[in-house]
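J.: Same order as they appear, the protein sequences are chains A and Z.
Numbering follows the numbering used here, with no gaps: position 23 of the first sequence is 23.
Numbering follows the numbering used here, with no gaps: position 275 of the second sequence is 275.
No wet-lab data here; the hints were simulated from the structure.
Please note: incorrect hints may appear among the correct ones.
Distance windows between CB atoms, simulated [to be verified]:
no. : chain 1 : residue 1 : chain 2 : residue 2 : range
1   : Z       : Asn312    : A       : Tyr264    : 34 to 44 Å
2   : A       : Thr122    : Z       : Arg349    : 53 to 63 Å
3   : A       : Met283    : Z       : Ala192    : 31 to 41 Å
Yeah, the Cβ is synthetic: ideal placement off N, Cα and C, and Gly gets one too.
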Amino acid sequence: MSEDLEFAFSLLLNGASIGLMYSLIALGFVLVYKATDAINFAQGEFVMLAGLIVAMMLSFEGMPLVVAIVVTLAVMIGFGFGLERVVLRPLLGRPVVAVIMATIGLAAMLRGLGPVVFGSETRAVSLPIGDEPIVLGPASLPPIQVAGAIVAITLFVAFSWFFKKSRMGVAMRAVADNQQVAQAMGINVERYFALAWAMAGVVSALGGVVWGSMLGVDVHLALVGLKVFPVVILGGLDSIGGALVGGLIIGIVESLAAGYLDPYVGGGTKDFAPYVLMILVLMIRPYGIFGKRKIERV
Amino acid sequence: MFHRESGVFKTTYRADMALYPLPIAKWTVAVLALIFVVIVPLTVHEYYLSILNLIFIAIVGALGLNILVGYTGQISIGHAAFMSVGAYTAANLAVRLGLPFWITLPAGGLMAATIGVVVGMPSLRIKGLYLAIATLAGQLIIEWTINHVPAISGGAQASIQVERPSLFGVSFNTQGHLYFFLLFFAVLAIVATLNLVRSRIGRAFVAVRDQDIAAEIIGIDIYRYKLLAFAISSFYAGVCGVLYTYYFGIANYEQFQLIVSIDYLAMIIIGGLGSVLGSILGAVFVTLLPIVIRILMEDVGSLFFTTAEMANVISGLRLGVFGGLIIFFLIVEPEGLNRLWRNIRSYFRVWPFSY
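Using the sequences plus the hints, can you model the full thing?
T.: Structure (structure tokens):
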């Protein structure tokens, strides 16, 4: 392989693995939107919160990683349930803008109080996977990216099974499809709303572990959440497969832009290219690649 | 205020829509003018004047956002980015061409309005959550552009130093002088907004917010009015950004980050969506809150935190309290402080009877 191709290959591979990690976070967003029609602007802050909890648990002497992750999962599930009960349920039936602003408020609250409660220093979440890059042909990946990609794919398989086969998953799809009919069929809609938020909590907990161990845990971890929007807009807001594909595309676009454009404009295209792509998608095909076409037009 | 309406009979729509709803309102305005123009600047200490100045700037920005979100119902998470457009336009014009503030200020506003229309374009096709995400992208792209293009940002630190404004040889370089400068623009913005919302345009905005399809059917060109709302709102934001620049003597992109957009959303939600008085109350509340938190923390917080942690704790608490208040007001009192004020007023209006 020539030098150029090798460079492109390693950019692609890097982008794809980062992209899968974006999909992981986007998944939490999609789960909530699919079931409850609520936009969660605090997805990145969920991840930050989970990261803070894991980092705090690990800072205790002799705490096994498994226990720390289980505790984080439990706390985030509780957080999801509580959040739905306290914030989202009173806003049912109110304009969509009210829910958006409530989650923006939640994001501000978590981002503000997180460092006050847990301390503002950057903490490490060390996973037992070593630092040796994993070599794949001409490219090499940090092991944390591989681990993140594996976690993401596992979750996607698990959630696909859940929605296709399990009783709860089918009920959840019914709720997503038509809330009134679902209620008429004896499905407790509010319980499934709460479940959706709890599932977002689960996804964020794992996202917090993976991203926290890659970037270190502090308030800036929440900025990862901003990348969720290009991913879900591209993939379609209510499509789980869309989150996967959207994440891959955004990750690859970002990596290629950084690799090929950064030398010309002096860096930072990574934080720029995804949003330009997103604006284009919004203009041309606002429901995304796999989203339902029912978007309300004006 | 608390005066009663007995004996006032309105027989025309024109009288009902008047700027002064009651004859006595002119006296209220005159008293307020006396307080703010004569008494406050003569008696109030410089430190408190500086707080008032910040409130005046915030009022301009909050009114702009309220026109867009509260009156027209188009959500925007990019308000701070429009401020930065205004701020950098004015700073570049003032520094490179040496133009006075009465040119740079409208120029900053117009530039922000132009960019605002571009960012608002998606609102023609999409609404609600998609528009929220599109304006978020606008905020991030504008932030990035200003930070990465030295021609706009003035190179190092992405900040431009600006001379204080001057008029007829008098430079507004003390808090007392700036007080009059900013008071003028705050009052101008308030009167302009009051007039806007009772005009044909304002009513069209409200119609688009309440039911866009119905608005279109009764003959309102909703494309035009949505873009107009974005343009006017961004113009206010641009002017607000220019005022910040002149007030601090520096244009810096860090004053206009995503967090600031959320501050302004907090102002209009806490104050009251779709209300001029609400914007003012919200601006006052949100500007005073961090000061109150800082005073409280300096007394109480030193028991729990070291001095080094204090700055972080205060900024964290500020953001946390804002977030909590946004949620609280959305759930408990969606009409905000404005509604609380109306409740108090209507209680006293019929006092001593309960209704």
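J.: Now tell me, hint by hint, if it's right for this structure.
T.: Now for the hints, and whether the structure bears them out:
1. The beta-carbon spacing between asparagine 312(Z) and tyrosine 264(A), approximately 37 Å, falls within the hinted interval of 34 to 44 Å.
2. Remark: the range hint 53 to 63 Å for threonine 122(A) to arginine 349(Z) is upheld by a beta-carbon distance near 56 Å.
3. Remark: the range hint 31 to 41 Å for methionine 283(A) to alanine 192(Z) is upheld by a beta-carbon distance near 32 Å.
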